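**Student:** Protein chains in written order, with this note's numbering: chain A, 1 to 520; chain B, 1 to 497.
Treat each hint with caution, since some may be false.
Stated by the list, open to error - Not the full set, but computed from the structure, chain B residues with beta-carbon under 8 Å of chain A:
{"hint": "1", "residue": "A296"}
{"hint": "2", "residue": "L386"}
{"hint": "3", "residue": "P392"}
{"hint": "4", "residue": "F404"}
{"hint": "5", "residue": "A430"}
{"hint": "6", "residue": "V434"}
{"hint": "7", "residue": "L437"}
{"hint": "8", "residue": "V445"}
{"hint": "9", "residue": "D452"}
{"hint": "10", "residue": "F453"}
{"hint": "11", "residue": "P455"}
{"hint": "12", "residue": "P482"}
{"hint": "13", "residue": "Q483"}
{"hint": "14", "residue": "I486"}
{"hint": "15", "residue": "E487"}
{"hint": "16", "residue": "E490"}
Simulated from the structure, these hints should not be mistaken for lab results.
Small disclaimer: the values here were computed from a predicted structure and weren't measured.
In this text, a Cβ means the ideal position worked out from N, Cα and C, and glycines have one as well.
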Amino acid sequence: MDFFMQNILIIVCLFPLLGVALIVLLVARDKGQDMKVKWIANIVAFLGFVVSLPLIIWFNSPQYINAANGMRFVVKKQWIPAIGAEFHVGIDGISLLLILLTTLMGFIAILSSWTAITERVPEYYCYFLILQAGMLGVFIALDFVLFYVFWEVMLVPMYFIIGVWGGSRKLYAAIKFFLYTLAGSVLLLLGILALYFFQYQQTGVWSFDVLGMRSLDLPLDLQWWIFLAFFIGFAIKVPMFPFHTWLPDAHVEAPTAGSVILAAVLLKMGTYGFVRFSLPILPEATMQFMPWMMLLAVIGIIYGALTAMMQKDMKKLVAYSSVSHLGFCMLGVFVVTPVALEGGILQMINHGISTGALFLIVGILYERRHTRLISDYGGISQNMPVYATVFLIMTMSSIGLPTLNGFVGEVMILMGVFADPANRFWAVAGVAGIVLGAAYMLWLYQRVMFGENDNPKNQGLTDLTSRELATFVPLIVLAFWIGLYPKTFLQYLHDPVNEIVEIVRPGEFPAISEQNAAKE
Amino acid sequence: MDLLGGQDAFSYLIQNSLVIRPQIVLVIWGIAILCVVPFLGKNSTRYPLFYTLAGLAVAAFYVIWGSDAGPAFGGAIVFDFFTRFFHLLFLVAAFLSVLLSYRYLEIEGSHHGEYYALILFATAGMMFMAGAMELITVVVGLELMSVSTYILVGFTSRQRRSNEASMKYFLLGAFSTGVILYGMSLLYGIVGSTNLSEIGEVLGANEVGPLVALAVILTIVGLCFKVAAVPFHMWAPDAYEGAPTSVTAFMSVAVKAAGFALFFRICLVAFGDIRDLYVGILALISMLTMTWGNVAAVTQTNIKRLLAYSSISHAGYILMGLVAGTAFGVRAAAIYLLIYTVANLGVWAVVIVLRREDIKGEDMDSLKGLFSQYPAVAILMLFFLLSLAGIPPMGGFIAKYFVFASVMDVGLNSSGNLAFLMFSVAIVGALNAVVALYYYLRIVVLMFFERDFVPVPLALSTGTTITLVVAGLLTLIMGIYPQPFIELAESAALPLM
Numbered sequence: 001m002d003f004f005m006q007n008i009l010i011i012v013c014l015f016p017l018l019g020v021a022l023i024v025l026l027v028a029r030d031k032g033q034d035m036k037v038k039w040i041a042n043i044v045a046f047l048g049f050v051v052s053l054p055l056i057i058w059f060n061s062p063q064y065i066n067a068a069n070g071m072r073f074v075v076k077k078q079w080i081p082a083i084g085a086e087f088h089v090g091i092d093g094i095s096l097l098l099i100l101l102t103t104l105m106g107f108i109a110i111l112s113s114w115t116a117i118t119e120r121v122p123e124y125y126c127y128f129l130i131l132q133a134g135m136l137g138v139f140i141a142l143d144f145v146l147f148y149v150f151w152e153v154m155l156v157p158m159y160f161i162i163g164v165w166g167g168s169r170k171l172y173a174a175i176k177f178f179l180y181t182l183a184g185s186v187l188l189l190l191g192i193l194a195l196y197f198f199q200y201q202q203t204g205v206w207s208f209d210v211l212g213m214r215s216l217d218l219p220l221d222l223q224w225w226i227f228l229a230f231f232i233g234f235a236i237k238v239p240m241f242p243f244h245t246w247l248p249d250a251h252v253e254a255p256t257a258g259s260v261i262l263a264a265v266l267l268k269m270g271t272y273g274f275v276r277f278s279l280p281i282l283p284e285a286t287m288q289f290m291p292w293m294m295l296l297a298v299i300g301i302i303y304g305a306l307t308a309m310m311q312k313d314m315k316k317l318v319a320y321s322s323v324s325h326l327g328f329c330m331l332g333v334f335v336v337t338p339v340a341l342e343g344g345i346l347q348m349i350n351h352g353i354s355t356g357a358l359f360l361i362v363g364i365l366y367e368r369r370h371t372r373l374i375s376d377y378g379g380i381s382q383n384m385p386v387y388a389t390v391f392l393i394m395t396m397s398s399i400g401l402p403t404l405n406g407f408v409g410e411v412m413i414l415m416g417v418f419a420d421p422a423n424r425f426w427a428v429a430g431v432a433g434i435v436l437g438a439a440y441m442l443w444l445y446q447r448v449m450f451g452e453n454d455n456p457k458n459q460g461l462t463d464l465t466s467r468e469l470a471t472f473v474p475l476i477v478l479a480f481w482i483g484l485y486p487k488t489f490l491q492y493l494h495d496p497v498n499e500i501v502e503i504v505r506p507g508e509f510p511a512i513s514e515q516n517a518a519k520e
Numbered sequence: 001m002d003l004l005g006g007q008d009a010f011s012y013l014i015q016n017s018l019v020i021r022p023q024i025v026l027v028i029w030g031i032a033i034l035c036v037v038p039f040l041g042k043n044s045t046r047y048p049l050f051y052t053l054a055g056l057a058v059a060a061f062y063v064i065w066g067s068d069a070g071p072a073f074g075g076a077i078v079f080d081f082f083t084r085f086f087h088l089l090f091l092v093a094a095f096l097s098v099l100l101s102y103r104y105l106e107i108e109g110s111h112h113g114e115y116y117a118l119i120l121f122a123t124a125g126m127m128f129m130a131g132a133m134e135l136i137t138v139v140v141g142l143e144l145m146s147v148s149t150y151i152l153v154g155f156t157s158r159q160r161r162s163n164e165a166s167m168k169y170f171l172l173g174a175f176s177t178g179v180i181l182y183g184m185s186l187l188y189g190i191v192g193s194t195n196l197s198e199i200g201e202v203l204g205a206n207e208v209g210p211l212v213a214l215a216v217i218l219t220i221v222g223l224c225f226k227v228a229a230v231p232f233h234m235w236a237p238d239a240y241e242g243a244p245t246s247v248t249a250f251m252s253v254a255v256k257a258a259g260f261a262l263f264f265r266i267c268l269v270a271f272g273d274i275r276d277l278y279v280g281i282l283a284l285i286s287m288l289t290m291t292w293g294n295v296a297a298v299t300q301t302n303i304k305r306l307l308a309y310s311s312i313s314h315a316g317y318i319l320m321g322l323v324a325g326t327a328f329g330v331r332a333a334a335i336y337l338l339i340y341t342v343a344n345l346g347v348w349a350v351v352i353v354l355r356r357e358d359i360k361g362e363d364m365d366s367l368k369g370l371f372s373q374y375p376a377v378a379i380l381m382l383f384f385l386l387s388l389a390g391i392p393p394m395g396g397f398i399a400k401y402f403v404f405a406s407v408m409d410v411g412l413n414s415s416g417n418l419a420f421l422m423f424s425v426a427i428v429g430a431l432n433a434v435v436a437l438y439y440y441l442r443i444v445v446l447m448f449f450e451r452d453f454v455p456v457p458l459a460l461s462t463g464t465t466i467t468l469v470v471a472g473l474l475t476l477i478m479g480i481y482p483q484p485f486i487e488l489a490e491s492a493a494l495p496l497m
C-alpha cells in the first residue's frame, strides 16, 4: 500500500498501457477476438478511473505533501543527468481535477465506442489507451522535458484515431491536426530552451524544473520572447482565435469518442499550459500581454458563438461552441484575479463535462442515422424521451443555467474580470457571449427535438440503450454537483490559484478562501 | 631532421601502425576477399558475407578496447575519442548495411564478393578521414572512400540507371574533390604546412586576407558537396535513386557521417579561430539545406528520392551543430548523426525488403497496407519515421533537442548579428520539423490507413530482420534513456575543443 501511494501518479499514468499490453498479447495469439478486446479496454479504463480516486482521498494527508513547494505525491528520479532533465512528477489542485476529468472522460469515451467502432477494433483501443497515458503524463509532469515528451506522444495516437476511424475528410483533418500542433510545440520547445539556458546562467545548475523556473529573475525582453513562443504553442492547442482553424476539421472528422476526448481533455492542455507555465514563470510578460490576450479571448467568444449559430452540421456547431467556451476560460485565466482564474479553471472542467456530453449526444444520433445535418431531424423527442432529457440537461449546462455547472464557472469568470477595474469592459463583452450561447444551443435543441417528426427515416429511432445512458449518468451527476455545491471542487483550487495570482499581480487582490469565494 | 624519433624504421612502423589497427584490419580483410572470391564455388557465395562481418567485428574490437593514441606518422593521424566515436559509427553502419545487402543483391542478381571488399575499403577510407590531422591524409582517406563508393553505386552493372548514377556521382565527386584540393593547396601556400593544428595557429595569429578567405571558402564548399548540403546537393537524389538500395543505405549514413567528421575536424581545428569569416555562410547553407531538402521531398513519389531529399534536410540540421561551433554543438551533431544513422538504416531496411521477386518496390504506393499484412514491420517503420521527424519518445527528439539547444545556447550568450543568426537558424529548423513531418506522415498514411497490400511476401531475411529489430530497439532506447549515448557524444566532442 505504501509503495502504491508513493508511486500513485506513475501508476495512474501508466495504467492504461497495461491494457495495451493485454490487447497486444491477446491479438498476437489469435485474431478476431474483438469482443474480448472491448471488455479488456473497458475494464482497464474503468480501473484506471478507480485507481485515480485515491488521489482525492489522500490529497491532503501530510505525508504525501512536498513541504518545499506544496506539490502532492511527488516522485523525483534521475533521468538524463547529462542535460539535467529529471523524472519529476507531482500534482496540485489544478492537475488533480484535470487528472480525474481525464480518467473519467477516457473511460466514458471508451465505453461509448462499443458499437460505434467495428473495424480494426484492437488497434483502436490500443491507440485510445496510449492517448490516455500521454494525456495523464502531461498533467503530472513537473519537468519541462518530461512534459514535452508527453505533450508530443499523445499526438500520434490521436492522429491515428482521426485518420483511420474518421469521417470522409479524415486524412486532411488528421494531418492538419498533427502539423498545427507540432508547429506550436516546436516553438514551445525553443521557448523552453531559452528558459533553460537562462536559468543555467543565473544558478549554474542545469535543470528543467518547472517550479524552480518561477524564482528566476528574467529580464522583460527575454520574457517577452519566451511568452510569445509559449503563447503560440498553447494557443494552437486551446485553440485561441486565430489559431482555431484545425479544431472544427478535427472535431467533425474524428469518431465520436475521439471528439469527446479532444474536447474534454486535449483542449485543456493548452489552457493548463498557460496556467502552469506562462503565468507563474513569465509574470511581467503576462501583464504586458494581458490586453491582447483578453482581446483574443473575447473575439474567440463572440466569433465562436456567431459561427456556431450558422452551422448546419450539429458536430460543427458543438465544435465552434468549444471555441467560444474556451474563450471564456482564457478570459478568466488572463485577467489573473483570484476569482476569475479559479473560475477559468473550473470552466475547463465544466467544458469537459458539458461539451464532452454534447459530442456523445450528437454521436448517438449519428450512429443511428448516419447524418449530422440539423435539417434531417425534427421532433426526435417523441421517439427518444430519455435522450431528449439528457440533451436538455446538457444544453442547459452548456448555456450556463443556474443550478448547473456552466453557470458557476461563467459567473466566477465575469465577477473576477469585473473586479479588476482596468478590465471591466471585457466582462461586458463576455456577457454577450452568454446570450449568443443560449441562442445557438436552444435553437439547435428546438430544431432537432421539437416539432413534428415528419422525416420517415426518423420514425424508427430508438431511445438510449442502458450502456449509452450509463455514459451520461456520471456527467449529469457532476453537472448538478458542480452547479449546486462547487465547493467540493473549488477547495482544491484555492492554494494554487492564490499562489499564481500572488506571483503575477502581487498584493493587488485579497487571497481567495472559503469565506469570500465560491458563494458566487 | 630525425623523422623517426631515434627509432629504427621497423619499430617506428610497428608502433605507429598500432594507431591505425582498425583500418589495417579492414584493408587486409578486403584484399583477402578479392583474392579468394574467384575460387569460390557456386554454393559458397555467402562466405564473404560472414567473413566481412567478422572483419568489421574485429575492427570494432580494436576501436572499443583500444585506447586513445597518436598523433602518429609524424602527426598525420590521431586516434582520439572523436575519431573512435566516428569509427564506431562507421562500423555499425557498415555492419548493418552488409546485413541488409546479401538478399537484396541476390534478388538483383548481382551478389558478388567484390561488393564486400569495396564496403570494407570505403569504411577504411572513412576511418582515415575521421582521424586525419593533416591535409594529405584527408585527401587519401577521402579518395579511398569516394572511389570505392563510385564503384558501389554502379554495382548493379546491368542496370542503366545504376551506371548513370555512378557516372554522375563520379563526375561531381571528382569535381568537388578538385575544389577541396584547390582550397587546400592555397592553404598550404599561405601557411606552409599541411598539419591542421599548425594551419589553425597561423590563421588565427594573422589578419584574414582575401587569399585566406578564398582558401577557406573553397574548402568549405568542397566539404558541402561531400555532405550534400544545398546548393551543392544535386548529385545526391540521382545517386541515391540509381544506386543499389543497400548501397544507398550505406551512403546515406556512413558516407555522410564521414563527410561530417571531416567537416568538423577541419572547421574546428584549422578554421576555429576565424569563425567570423564563414559562420554566416554556414548558417545560410544550413537553413537552405533544411528547407530545400524538405520542400523538395514533399512532392516525391519515388521513395528512394524522397528519402534522399529527407537525408539532405537532415544534413542541414547536423550543420546547426557546426554553426554553433561550440563543444555543445559538436556533441549535438555527434548525437544527431548517431540517432539519424540508426533510424535511417531502419527506414532503408524497410525499402530493401519491399524489393521482392519482380516488384521494384520503389514507388511509395508499394507501402500501401503494409500494416495489414506485416504489422511489426509497419510499426518499426513508424518508429523510424517518427524518430526522423523528431517526435518523442523516439531518439530523433533527443537529436533535434540537442541541435536546437546548441544554437540557442550561442544565441543567448551573444548579441547583435550573431544572436540574430542563431535564432534564425533555430526557428527555421523548428518550422522545418513541421514540413518534414508532413511527408513522413504521407508514408504513415499509406502504411496504416490503406488496406490493399500487394500480396507478395516481403523479402525478409535473417539479416534484414536483425537490422530492423536492432535499429528499432536502439531508436526507442535512445529516446527513452539517452544518457549513455549523450555521454559518448560528449567525450567525442572534447578532442576538438
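**Student:** Against chain A, run the beta carbon of B:L437 and see if the smallest gap drops under 8 Å.
**Tutor:** 6 Å, holds
**Student:** Does B:E487 hold up as a contact with chain A if the rule is Cβ-Cβ below 8 Å?
**Tutor:** Hint holds; B:E487 Cβ to chain A Cβ min 6 Å, cut 8 Å.
**Student:** Double-check B:P482 for me: the hint is only fine if its C-beta lies closer than 8 Å to a C-beta in chain A.
**Tutor:** 6 Å, holds
**Student:** Under 8 Å, Cβ to Cβ, is where B:P392 needs to be relative to chain A, so tell me if that hint holds or is violated.
**Tutor:** 4 Å, holds
**Student:** Does the nearest C-beta of chain A fall within a distance shorter than 8 Å of the C-beta of B:I486?
**Tutor:** 4 Å, holds
**Student:** With a cut-off of 8 Å on the beta carbons, see whether B:E490 makes it to chain A.
**Tutor:** 7 Å, holds
**Student:** Quick one, is the B:A296 hint okay against chain A at 8 Å, beta carbons?
**Tutor:** 18 Å, violated
**Student:** For the hint on B:P455, does the least C-beta distance to chain A fall short of 8 Å?
**Tutor:** Violated: closest Cβ of chain A sits about 17 Å from B:P455, beyond 8 Å.
**Student:** Going by Cβ atoms only, is B:V434 closer than 8 Å to chain A?
**Tutor:** Given a least distance of 5 Å, the restraint on B:V434 holds.
**Student:** Hint B:A430 vs chain A: min CB-CB distance below 8 Å?
**Tutor:** Cβ of B:A430 sits 4 Å from chain A, so the hint holds.
**Student:** Less than 8 Å between beta-carbons is the criterion; does B:F404 satisfy it with respect to chain A?
**Tutor:** 6 Å, holds
**Student:** Given B:F453 was flagged as interface, is its beta-carbon under 8 Å from a beta-carbon of chain A?
**Tutor:** 14 Å, violated
When the structure is compared with the earlier hints, violations turn up for hints 1, 9, 10, 11 and for no others.
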